[in-house]
Amino acid sequence: MTDSAAAGSSHRDAEGPYYGPYGGRWMPESLIAALDEVEQTFGEAREDEEFVAEYQRLCRDYTGRPSLLAEVPRFAAEQGAARILLKREDLNHTGSHKINNVLGQALLARRMGKTRLIAETGAGQHGVATATAAALMGMECMIYMGAEDTRRQALNVARMRLLGAEVVAVEHGAKTLKDAINEALRDWVATVENTHYLLGTVTGPHPFPSMVRWFHQVIGEEAREQMLAQEGRLPDAVAACVGGGSNAMGLFHAFLDDAEVALHGYEAGGDGVETGRHAAAITLGRSGVLHGARSYLMQDEDGQTLDSHSISAGLDYPSVGPEHAHLADSGRAIYEPVTDAECMTAFETLCRTEGIIPAIESAHALAGAARLSAAWTAEDPAAAAEKIIVVSLSGRGDKDVGTAAEWFDLLDAEQQEQQEQQEQQDEDEQDEDEQGDETGVQA
Amino acid sequence: MSITADAVEAARAEGRSAFIGYLPAGYPDKETSIAAAIALAENGADVLEIGIPYSDPVMDGPVIQQATTEVLARGFRMDEVFEIVAAVTAATDAAVLVMTYWNLIDRMGPEVFARRLAEAGGAGAITPDLTPDEAGAWIAAAEAHDLDRVFLAAPTSTPERMRRIAEASRGFVYGVSLMGVTGARTEVSDAAERVVSAAHSAGAGRVCVGLGVSTRSHVEEIGGYADGVIVGTALVAALRDGGVEAVAAKAAELSGRA
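Note that the protein sequences, when read in sequence, are chains V and P. Our numbering numbers the first residue of the first sequence as 51 and each following residue consecutively. Our numbering numbers the first residue of the second sequence as 2 and each following residue consecutively.
In isolation and in its complexed conformation, chain P is listed as follows (with noise of 0.2 Å):
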């Protein structure tokens, strides 16, 4: 059914969270990104998100931003994507997700997107600008293709909001653990565990956190109430900085296997 809900709860039934990484398209250029992926996925990752560069990316931190910045000044096209996303579902079991800002989506068609995709895949998309009022065409074009769709549930959203937002997702809901853009921190606000019960409550099966998880400990005490584990700028520094080994070694360490 759901190649991301049955990704979670593969982990799930092993006892623990699930730890799903981010990395952008293409960064630093192709053939590593595809590397970085598949080293993440074969260090723990159960489920992968390629985050499509874009040039106004008002939810990511500044690391994400440089990195993505500087993908798009070599030239990137959505095209990549696509081969990335292909490539890696080849080499590894992990759910690959992309993580799309929504122009990029809407400049292409829903329809078309979703069918690019799906044929090169994808499990689905997680949209951090889109919420269920807007996302009618989105979802009517995931349903057409089998596609999961993860949408934002914030410390700030209503019981009302959360339940249409447990609707309108399929896969897992991605609670926003701190009011902020991506980025690295040394805590995590404990409103990561009032939004990963609101939105169980509203009737989300799995709800995974985001958004300021750095290090094991976050990853042990998150996934104390959280169906998963979501962690971004510090797999991206760690490709940054030392490239796909650096990016095993990390994974390795927040998954636990180090």
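Extracted from the complex, chain V is given alone in its bound form (with noise of 0.2 Å):
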């Protein structure tokens, strides 16, 4: 795919464990059995003809790659001289780059002979990626979710319960993304014998960072390539919104060997870093281990997990994938955090000016464009003009519309009231869920 790969020195060639200091695989070792089993099998699928055309014919025939390369003029024209191009990832089957990583790792999975899927979501994007496999697959499917999540996130709790998954309201810690992980953990350590934890994102242990991040390349290879063949020539920034890292470490992949492309990673950086309401770990966190892996953490000075906060529940996690931790110290990517504030403008004007509905976890990216494109606008307007950004779109935005009416205050009267009664609604159903999650639990 490149041709610049230098022998031995290159960032792509990062397999793991280790990234720098990063990564490892800090795990209780009833599950170091079932960690090798995936490394293994990893190893050996993704030499397999076979199961790599398999997986191929999926991302193709069922998620409907490649995904398209598109610019976004007026989008654009309202931020600067510079070009945007988003890499929409939000057409893919279920709405969001989730899909690439959840397909591969069902495909193991199956190969591995276990016939129940269990994964922790945030925005619901990964848990209903992984309950659209299970149902493809037909395997049994349980998703844990922090109940302030099922609560922003309603309308994707409902999805993932029509496609056939069992939704788990994880009522501890925060009651978000973080918690909702070590839940599943703890089915996991119980449970591996005929369950495959399918990690969403490029944390946790090794083998997870380097294998998601395999899943995802697609995202930057395909970018690339469309970047060649569209524009001749390759983009001179690229652009991701950072929580986990998924979406970012597939996109940045293809273009960590081309020294003329920026890699711009953007943390959700809540109501602001200064406030310690936010979710940017690599600019405020400090090395640690949580969730299987070191890298960059939001801790105390005794080294508790601070809560995270953002408007996107998909980036509310205090830690980041231990490649980015690496990423960053290197100085190959840049990590800055967007605001709330600051994401939900650029979420409006893709709205308004291009008619594309974004997911509050991709805004971000868009806010990072936006920032990019107006310094260099600033700077020298005429060179600014030349520079073309790709964007990922992670993923869309229908999932959002209820916070993005309540953010700009959409709702009349009437409805509003609609609204809070849905809520109300939907914490009752929670505190059943609360009950049987009790009973799994002790089990």
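Among the hints, erroneous ones may be present.
[As the list claims (entries may be wrong)] Covered, in the sense of this in silico footprint (three residues per stretch, anywhere, with C-beta under 8 Å from a C-beta of chain V), are these stretches of chain P:
| # | segment |
| --- | --- |
| 1 | 13-23 |
| 2 | 127-134 |
[Unchecked claim] Distance ranges between label pairs, derived from CB positions:
| # | chain 1 | residue 1 | chain 2 | residue 2 | range |
| --- | --- | --- | --- | --- | --- |
| 3 | P | 250 | V | 93 | 52 to 62 Å |
| 4 | V | 327 | P | 76 | 33 to 43 Å |
| 5 | P | 198 | V | 382 | 47 to 57 Å |
| 6 | V | 350 | P | 43 | 30 to 40 Å |
For the record, the hints were derived by calculation from the structure and aren't laboratory data. Everything numeric in this text was worked out from a predicted model, so none of it was measured. Glycine included, C-beta positions come from ideal geometry on N, C-alpha and C.
Fit the two chains together into the complex; they arrive one by one in their own frames, and the hints show the way.
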């Protein structure tokens, strides 16, 4: 795919378990055998032509790949002089990039003889994708989701249930993504014989960071080829949002050896990093271990994990994939926070100028691209007009319409009341789920 | 040499398996947790495990999670652990281990953590999310301060891994009896016996079994093949429901002194 990989020295060669000082496998002994099995199966499968062909067939015929690389001139014109192209992962089946990894791991689970998939989910996109793959392959499916997130993303909870998955609202801790991962790990420790934990991002113990990235590499590989075919050159910058960082790693990977392409990751800045209410792990974290990997981590002086905050459930995570931590230290990629307010401005602009409703997660990357274009334009408008930014539009925003309606005050009083009633109903349902959860964990 | 190994061996010399009891540090408050740990030792525990509350305890079941979440919510700090260990070691002859998730040691620095634990009279640490593969810094710090380190062995651990676990451990090897998180169960899986035998074969001097032990009959059954029996959730539930007296009574029952 690339013509520039220098032997031995390329970031593209990073296969884990370590990325500089990050990564590794900080896990209970009870899970080591399962991780070894996943590592070995993945290692064999990626070299197996039949497996790769089956995966590619699903990506094409089920997901609808390749996804488009499309220019958004009206959006770009409001930001500055640079051109902006979107990698339209939102057009994938299930509405986000998550399906790339899920189909790959579900095929691996089948290869290992597992009959049950479990997963954590934040915004619900990974949960929906996992429930979809389970339906497609006739597997049992259980999704762990923070109770706070089941409220913000009620529509995705319903989607997962329609797809036949059981959704467990996790009431521990901050009731968001990290707590959902804790609960999924507890499930896996007890059910590892028949269950695969389909981790949804490039965090976690080895081999997850390198394996999940491998299944998402198609994003950057396609974008790079499309740029060369459509524009006859590489972009000046690529931009992606970073929670755990799977769509960003998938996009970045193909460009790691292209020194002329700047790599920009945008973390959730929440109310602003100075308020403490954010999820900007690289910006304000320090090295620590959570969920099996060493990486940047939001933690207090004792090493207790801090609660993260973001308007976007999918980025509401206090750590980040270890490969991102390494790319940040090495300077190859640049990571900056985007606040809720900046992100929602970009969200609204894309809706209004292009007729595309982005996921709030992806809107962080749009806001970052807007910032880049504005800065270049201020410096040298003529030069900026020659520049191209590729943004990963990692997901679509149907699930976020309720949040946006609230943010922009788009509902009249009667609708407001209806929405509140709906939220109350959701909470009542969650109470029932909790009782179910309790017996499940006790077993 | 090893405070923990001596405590387990002393029990073996009496013709019984060691009784190892877990309680969370600072639950429900610092003074009560000290009193409960001392009561546990006075009622038959040869080794005490003081669990350090952690924000993301993936190996703990609901009872222990609920207790440690309460402790964190009231503003627990790491300094408390060393105060508790010092108070308990001053009052009993039991070996006192801490049980901790890795990031708490990592944040303090393994060397500082080991020094402070040793100064408090602690025997060493059980590290449920640390395997020998990632334990280089911890083993070095523990060696420097003559501390025991207890690693977990699982029913799924290969013979090669068992050897590494046995080599890296000092004090005993913690055999996970059931694939699962902590929590009281009515039956202990027969996987426990296989783990003990595999760990012994791999060279472990002492293998103690935990996760799922809640009754005297479990203790007797496991004591038939393990060097020690570890009880956690049942004691935490007793402390929650009946305070220090209930811990004393449960410990006496489990150790066969009741």
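- Message: Check the structure against each numbered hint from earlier and tell me which ones fail, lowest number first.
- Response: 1 and 4
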